[in-house]
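If you read the sequences in order, they're chains A and B. End of the first sequence sits at 963 in the numbering used here; the numbers just go up one at a time, nothing left out. End of the second sequence sits at 328 in the numbering used here; the numbers just go up one at a time, nothing left out.
Treat the hints with care, as some may be off.
Computed beta-carbon distance windows for the label pairs [stated by the list, open to error]:
no.	chain 1	residue 1	chain 2	residue 2	range
1	A	T566	B	A41	35 to 43 Å
2	A	D648	B	M55	43 to 51 Å
3	B	V49	A	S816	56 to 64 Å
4	A	K800	B	L172	21 to 29 Å
Pairs of lysine-lysine, BS3-like flavour, derived with a Cα cap of 30 Å [what the hints assert, rightly or not]:
no.	chain 1	residue 1	chain 2	residue 2
5	A	K714	B	K83
6	A	K945	B	K65
7	B	K65	A	K851
8	A	K800	B	K83
9	A	K713	A	K945
10	B	K232	A	K949
11	A	K800	B	K101
12	B	K158	A	K928
13	A	K949	B	K83
So, partial list: chain A residues that the calculated Cβ filter (under 8 Å) puts toward chain B [to be verified]:
no.	residue
14	S636
15	G641
16	A642
17	P645
18	T663
19	M665
20	D787
21	N791
22	N794
23	N798
24	G834
25	S924
26	A935
27	T936
28	S942
29	S944
Source of the hints: derived by calculation from the structure; they are not laboratory data. For each residue, glycine too, the CB sits at the ideal point set by N, CA and C.
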Amino acid sequence: MKLRTFAAAAAIAALAITATGCSGGSSGGSSDAGGKTLTYWASNQGTSLDNDKEVLTPELKKFEEQTGIKVNLEVIGWNDLQTRIQTAVTSGQAPDVLNIGNTWAASLQSTGAFLPFDDAAFSAIGGKDKFVKTAMDTGGIPGEDPTSVPLYGLAYGLYYNKAMFKDAGVTPPTTWEEMVAAAKKLTTGDVHGFALAAGSYTENSHFAFINAAQNGAEFFDADGKPTFTSDGIVDGISRYLDLMQTDKVVDPANAQYDNATNAINDFANGKAAMVLSQNNANSSIASQGMAEDAFGVVAFPAPAGGTDVATMVAGINMSIFKNTKNKDAALEFVKFMTSEETQATLDKPFAALPVLSGVTPSFTDNAELAKTFSDIYENKSRPLPLVPAEDQFESTVGKAMNQMFATVASGGSVSKADIKAALTTAQQAVEAAG
Amino acid sequence: MSAPTALKKSGPAAGASKRKAGTPRRAGWWLPYALLAPAVIFELVVHVIPMVTGIWMSFLKLTKMFIANWGNAPFVGLKNYQVALDFDSAVGIGLLKSFGITVAFTILVVGLSWGLGMAAAVALQKAFRGRAIFRTLFLIPYALPMYAGVIAWKFMLQKDNGAVNHFLFDNLGLPGDKPFWLIGDNAFISVVIVAIWRLWPFAFLMLMAGLQSIPTDIYEAASVDGAKPLRQWWNMTLPMLRPVNMSLVLVMFLWTFNDFNTPFVLFGGSQPPAGDLISFHIYNASFLTWNFGSGAAMSVLLLLFLLVVSGIYVLFMNRRKDNA
């Protein structure tokens with residue numbers, strides 16, 4: 530009898546330990562108040578998650594030597610980053626410092642989970658004026674203290690294969706019409722004029738925005754209410770979709786490309802003559818063995834008579850979670866990451882445009898390429914809507930476009946009325962959440 | 005052995021009556037409670053608390069403005085339900101379509117899985133050389149980690165370099181272009197096939213176990229009476245498997261209707277409309293627009309639907325059993 534009681538008690542104790550073990554596992558990752566340790570979530574900027582780790586680790590070591598603050602790094606892929614941030618906001622189990630896509634800045638700010646950079650915070654990281662204004666404007670909702678500061682600058686460019694253009698006797702396009710004509714000429718057999726990440730909702734939403742902006746159309750009105758169904762937007766999306774549908778310069782198989790890298794690889798491997806990509810494509814192109822002098826870049830052209838918008842202000846910003854127990858250390862770390870010295874080291878491997886005033890681009894040794902991208906970034910860019918519902922625009926409109934490309938690829942057709950219907954659905958979903 | 009009697013005497017009822025009489029508690033009275041406690045705690049933590057939280061969330065306007073601090077989310081009563089059930093709005097139509105697709109998906113998957121499982125179980129009922137090999141082979145999909153299995157399907161169903169198109173078009177030489185399997189309308193066929201592949205070994209396993217309990221001599225007797233195999237199956241096997249089938253079909257129905265993992269792994273971030281199963285639809289409704297109150301309301305509606313269907317099913321089956 531006694532032995533049995535003892536055995537039962539032991540079994541219960543074992544179960545209890547297992548049970549607490551389960552709950553103990555998830556509480557890791559947040560900061561340790563006593564020791565100076567920060568948790569940092571980095572986004573995937575290099576050619577792979579491991580590549581990011583290799584690039585960042587020496588810098589984090591340097592930071593530890595300078596300040597005594599240890600940084601635990603986790604690199605998170607783009608497919609997971611938004612969900613991970615949502616979960617962190619919801620649960621409060623968050624890192625101290627993290628990278629965000631700058632287009633999410635206003636949306637994330639509205640959750641109230643991030644530390645606003647007020648005057649004191651700005652002076653702790655070296656002042657607001659050290660940043661390029663174009664980049665700083667993406668920090669959050671206009672008129673409020675931003676909750677993020679720029680880290681890496683990015684812009685879309687139209688990459689073209691110099692040899693293919695020369696063989697076909699075409700010159701880099703300056704209007705949409707020239708671009709389509711060149712793409713048609715370059716589409717022969719298995720080679721296509723264009724590669725698109727047509728199954729990536731983020732890429733699709735970016736080009737919905739850029740094409741609409743070329744038509745002078747906006748996705749949100751002054752009050753932040755969605756206006757997805759205007760003619761300029763429908764026409765812009767239709768124009769982009771027609772690259773696959775009527776111009777037939779895009780391989781229908783691209784409808785399954787859910788990652789920009791897929792399209793870039795086709796370009797680097799000679800399966801496509803042109804690709805639209807942000808300037809960080811350089812590292813991916815090089816990793817596929819395409820030499821840097823084999824391709825050129827021009828601004829993504831607008832149709833003749835359209836507004837000259839070639840990119841949104843793309844890039845990566847840095848935020849601090851409000852509930853961090855190491856606010857000073859976190860600010861110190863942001864200061865370090867946005868210092869001229871660190872930026873100079875990181876811009877090259879991550880192929881990023883400088884976000885600091887008065888710094889010349891160092892992401893490429895090719896002066897012409899650097900100049901082209903700087904010009905696009907500074908003169909032909911528009912920020913995505915700086916409204917709380919911006920991320921919902923990306924997910925709803927982007928995913929609707931995934932389906933349009935899927936329909937076209939599998940032999941169907943998408944009319945302007947279909948586009949408008951899909952946008953109406955997207956708009957209602959955003960309104961329902963507003 | 006003294007264990008059963010000791011436990012019986014110190015059971016809850018016995019303990020309660022003794023306490024009323026004022027006699028001291030018997031040594032070890034706590035043991036049954038202590039043994040039950042882990043299960044009860046787990047049940048609360050894993051099932052009851054999340055379910056109650058979900059129901060509570062469905063009455064809140066839990067959008068991203070409030071997600072960092074749930075306490076501040078305003079109470080909106082039934083508004084989330086009104087939006088989900090307003091079939092004139094995009095949200096309602098989307099939910100209704102997804103529901104329809106899920107019903108078709110469930111009928112196909114449960115029906116075909118059961119049919120395949122039954123056929124295989126009956127085929128392997130009699131002992132023959134190599135039976136163990138077939139049994140093992142058939143159970144492999146069930147034994148494989150689910151993600152690994154579905155990801156393998158995802159690769160096989162790629163358009164240009166997937167094994168399915170390669171086999172159909174390059175090896176068998178079907179005419180025409182290779183179709184997409186994971187986008188467009190074919191996505192429905194793909195998700196049904198993958199779900200059946202995952203589910204049928206379970207039906208097979210349960211039915212095989214059920215068949216073991218049917219004595220073989222009744223088949224001999226039936227053969228002597230001249231009953232053909234089909235007749236034997238219909239008049240003997242099926243009725244004797246009734247208890248197994250009752251719970252098997254219910255469990256398969258619930259699992260399939262709620263299936264999240266198969267479409268999630270197969271389609272990744274953006275599911276095609278043809279493969280828009282309801283669990284995944286609700287996930288998207290919650291996460292795409294950070295509208296967790298609305299997602300919770302849809303989940304509660306799903307829960308109610310499944311409860312009603314299960315309730316009717318169990319009642320109906322029990323009544324038939326009583327009549328029989």
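Status of each hint after checking the structure:
At about 37 Å, the beta-carbon gap between T566(A) and A41(B) stays in the expected band of 35 to 43 Å. Remark: the range hint 43 to 51 Å for D648(A) to M55(B) is upheld by a beta-carbon distance near 47 Å. Take V49(B) and S816(A): their Cβ atoms lie about 46 Å apart, and the range 56 to 64 Å is violated. K800(A) and L172(B) have their C-beta atoms about 24 Å apart, which keeps the hinted 21 to 29 Å range intact.
For a cut-off of 30 Å, the pair hint linking K714(A) to K83(B) is broken: about 55 Å separates their Cα positions. For the suggested pair K945(A) and K65(B), the alpha carbons sit about 34 Å apart, so the restraint of at most 30 Å is broken. Of the pairs offered as hints, the one joining K65(B) and K851(A) holds, with about 23 Å between alpha carbons and a cut-off of 30 Å not exceeded. With a C-alpha separation of about 52 Å, the suggested pair K800(A) and K83(B) falls outside the 30 Å cut-off, and the hint is violated.
Restraint check for K713(A) and K945(A): the C-alpha separation of about 22 Å stays at or below 30 Å, so the hint holds. With a C-alpha separation of about 62 Å, the suggested pair K232(B) and K949(A) falls outside the 30 Å cut-off, and the hint is violated. Restraint check for K800(A) and K101(B): the C-alpha separation of about 39 Å exceeds 30 Å, so the hint is violated. Taking the CA atoms of K158(B) and K928(A), the gap is near 20 Å; set against the 30 Å cutoff, the hint holds.
Annotation: proposed proximity of K949(A) to K83(B) holds, straight-line Cα distance about 27 Å (limit 30 Å). This hint holds: S636(A) has a C-beta 7 Å from the nearest C-beta of chain B, less than the 8 Å allowed. For G641(A), the interface hint holds, the least distance from its beta-carbon to any beta-carbon of chain B being 5 Å, beneath 8 Å. Using the Cβ-Cβ criterion of 8 Å, the hint placing A642(A) at the interface with chain B is satisfied: the shortest such distance is roughly 4 Å.
The closest approach between the C-beta of P645(A) and any C-beta of chain B is roughly 13 Å, which is over the 8 Å cut-off, so the hint fails. Nearest Cβ of chain B to the Cβ of T663(A): about 26 Å, over the 8 Å cut. The hint is violated. With 8 Å as the threshold, the beta carbon of M665(A) stays out of range of chain B, its nearest partner Cβ sitting at about 23 Å, so the hint is violated. Contact between D787(A) and chain B, as hinted, is supported at the beta carbon level, the nearest pair being about 6 Å apart and thus within 8 Å.
Because the closest C-beta pair between N791(A) and chain B is about 12 Å apart, greater than 8 Å, the hint is violated. The restraint placing N794(A) at the interface with chain B is violated, with a minimum CB-CB distance near 13 Å, outside the 8 Å limit. Taken as an interface hint, N798(A) does not check out: its beta carbon lies about 14 Å from the nearest beta carbon of chain B, beyond 8 Å. For G834(A), the interface hint is violated, since its Cβ never comes within 8 Å of a Cβ in chain B; the closest pair sits about 34 Å apart.
Evaluation of the S924(A) hint against chain B yields a held restraint, the C-beta minimum of about 4 Å falling below 8 Å. Annotation: A935(A) was flagged as interfacial toward chain B, and the flag holds, the nearest CB pair being 4 Å apart, inside 8 Å. The restraint placing T936(A) at the interface with chain B holds, with a minimum CB-CB distance near 7 Å, inside the 8 Å limit. A least Cβ separation of about 13 Å between S942(A) and chain B goes past the 8 Å threshold, and the interface hint is therefore violated.
Interface restraint check for S944(A): the shortest CB-CB distance to chain B comes to about 17 Å, outside 8 Å, so the restraint is violated.
Checked against the numbered hints given earlier, this structure breaks hints 3, 5, 6, 8, 10, 11, 17, 18, 19, 21, 22, 23, 24, 28, 29; the rest are met.
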